[in-house]
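Which chain is which? The protein sequence lines are P and H, in order. Our numbering numbers the first residue of the first sequence as 2 and each following residue consecutively. Our numbering numbers the first residue of the second sequence as 54 and each following residue consecutively.
Note that these hints are calculated values from the structure, not bench results. From a predicted model like this one, the values you see are computed outputs, not experimental measurements. A few of these clues could be false.
Said to hold, decoys possible - Which residues of chain H face chain P? A partial, calculated answer using Cβ under 10 Å: (1) P171; (2) T195; (3) P198; (4) A199; (5) G246; (6) Q291; (7) G292; (8) A311; (9) P332; (10) Q335; (11) F353.
Backbone N, C-alpha and C fix where the C-beta goes; we use that ideal spot for every residue, glycine too.
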Amino acid sequence: MCLGIPGKLLELHDANGLRMGRVQFGGIVREACLAYVPEAAAGDYIVVHVGFAISRVNEEEALRTYELLEQMGQLSELDVPAASDPGSGMRPDDAGSP
Amino acid sequence: MKYVDEYRDGQIARGLVSEIRRLQTSPWVIMEVCGGQTHSIVKHGIDLLLPPGIELVHGPGCPVCVTSLELIDKAHAIARQPGVIFCSFGDMLRVPGSESDLFALRSEGADVRVVYSPLDCLKIARANPDSRVVFFAIGFETTAPANAMLVWRAREEGLHNVSVLVSHVLVPPAIAAILGSPGNRVQAFLGPGHVCAVQGFHEYEELSSRFKVPIVITGFEPLDILEGVLMAVRQLEQGRAELENQYARAVARGGNRAAQELVERVFEVCDRKWRGVGPIPQSGYRLRNDFARYDAEPVFGIARIDTRESDVCISGEILKGVKKPPDCPAFATQCTPQHPLGATMVSSEGACAAYYLYGRHLAHPAAEKRSEARQA
Numbered sequence: 002m003c004l005g006i007p008g009k010l011l012e013l014h015d016a017n018g019l020r021m022g023r024v025q026f027g028g029i030v031r032e033a034c035l036a037y038v039p040e041a042a043a044g045d046y047i048v049v050h051v052g053f054a055i056s057r058v059n060e061e062e063a064l065r066t067y068e069l070l071e072q073m074g075q076l077s078e079l080d081v082p083a084a085s086d087p088g089s090g091m092r093p094d095d096a097g098s099p
Numbered sequence: 054m055k056y057v058d059e060y061r062d063g064q065i066a067r068g069l070v071s072e073i074r075r076l077q078t079s080p081w082v083i084m085e086v087c088g089g090q091t092h093s094i095v096k097h098g099i100d101l102l103l104p105p106g107i108e109l110v111h112g113p114g115c116p117v118c119v120t121s122l123e124l125i126d127k128a129h130a131i132a133r134q135p136g137v138i139f140c141s142f143g144d145m146l147r148v149p150g151s152e153s154d155l156f157a158l159r160s161e162g163a164d165v166r167v168v169y170s171p172l173d174c175l176k177i178a179r180a181n182p183d184s185r186v187v188f189f190a191i192g193f194e195t196t197a198p199a200n201a202m203l204v205w206r207a208r209e210e211g212l213h214n215v216s217v218l219v220s221h222v223l224v225p226p227a228i229a230a231i232l233g234s235p236g237n238r239v240q241a242f243l244g245p246g247h248v249c250a251v252q253g254f255h256e257y258e259e260l261s262s263r264f265k266v267p268i269v270i271t272g273f274e275p276l277d278i279l280e281g282v283l284m285a286v287r288q289l290e291q292g293r294a295e296l297e298n299q300y301a302r303a304v305a306r307g308g309n310r311a312a313q314e315l316v317e318r319v320f321e322v323c324d325r326k327w328r329g330v331g332p333i334p335q336s337g338y339r340l341r342n343d344f345a346r347y348d349a350e351p352v353f354g355i356a357r358i359d360t361r362e363s364d365v366c367i368s369g370e371i372l373k374g375v376k377k378p379p380d381c382p383a384f385a386t387q388c389t390p391q392h393p394l395g396a397t398m399v400s401s402e403g404a405c406a407a408y409y410l411y412g413r414h415l416a417h418p419a420a421e422k423r424s425e426a427r428q429a
């Protein structure tokens with residue numbers, strides 16, 4: 002229910018006095034209300050929940066976290082073979098699910 | 054998809070799991086609060102990847118699950134009335150009340166519509182000035198800003214044919230109730246990432262220091278959850294109890310101020326009854342008096358409805374992390390997503406429904422191995 006999907010803000014417009022935007026999620030483009038992310042600009046990634054942007058993705062934080070995670074991935078190569086495989090659920094191709 | 058695919062990398066997941074295995078010396082019980090996290094954990098089998106000493110228990114963070122049967126019955130009573138267009142998020146449609154569900158009501162002629170955003174109700178109200186449009190406003194703090202905007206805009210636009218049936222719930226009082234309950238087993242929490250994107254840190258810092266419990270605000274992808282578990286295990290092993298933020302790409306310390314401001318204008322905190330758990334003081338939102346004309350409960354004057362829950366269902370204990378779905382004699386026999394007996398089976402984010410959906414009731418070698426290891 003508290004699903005929030007990161008999407009790329011393509012363009013902004015006004016609808017009945019509300020700040021709205023078109024947001025791209027993978028291959029799908031949907032409308033989202035931008036009233037709560039006044040700082041968001043075209044090209045930014047925003048987290049959208051029930052048609053509202055609730056947060057702008059902080060790209061610096063994302064990069065920093067991901068670098069740490071990648072180091073974890075390199076560690077796994079030094080480790081004994083993992084006892085269990087992450088399994089079919091980890092496929093990157095099942096992205097769009099809620 | 055950027056910010057999704059890279060958080061599902063199997064190699065990094067293996068690295069995180071071996072780091073958790075390396076750090077862990079004692080058994081620990083960790084609760085993920087949010088139903089979205091529960092779904093992700095069961096879907097990706099994350100609990101089965103962890104060493105047997107780390108147990109994940111599933112929290113009460115599914116608003117569809119915890120919406121009380123009384124309110125669901127009220128929703129159905131409103132939806133049945135002529136001239137009503139009843140709008141709801143899709144998740145709520147097949148949740149059974151005492152007699153029926155919204156899908157069945159629609160097939161009987163009720164005008165029940167699924168909306169993607171609460172703002173869709175404004176369009177429907179403008180296009181149908183002779184109908185009364187009612188929105189089932191459920192959700193946690195994440196959804197409150199969207200639902201608040203619906204009410205705010207209805208007033209701004211002078212749309213008087215819109216009202217909301219409010220069933221809003223709040224996470225921190227539920228965490229406090231779990232930690233304060235006599236049989237509590239939970240030693241650390243994965244905090245709800247999107248709730249915190251709206252609310253920020255401070256309520257969780259207070260909980261962490263008041264109950265001396267580690268809380269790690271965590272995202273929803275497999276690597277987010279594994280990193281959240283790693284951070285929680287590190288705190289537990291080092292004897293720390295702090296608030297940490299794994300989901301820094303989406304959650305800032307102060308949360309979303311603009312959203313908090315509108316929620317504060319439209320809603321006020323109230324007591325709320327949680328399905329499966331019971332009443333929790335100061336654990337919900339209701340509309341402020343200024344917005345009373347948009348409150349569907351008095352507008353439709355639905356009388357108190359008496360309801361009765363299943364005697365067999367153990368969803369209350371599951372929501373508190375005391376039990377797991379397979380501990381219930383009715384799980385996957387009498388109780389299935391098609392015929393749910395209680396809270397944790399009614400939505401795919403409920404622990405029982407997620408276990409059922411991903412075949413945990415079937416013979417599962419990895420699950421059996423874990424259960425043997427735990428008993429040994």
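Numbers of unmet hints, in rising order: 6, 7, 9, 10, 11
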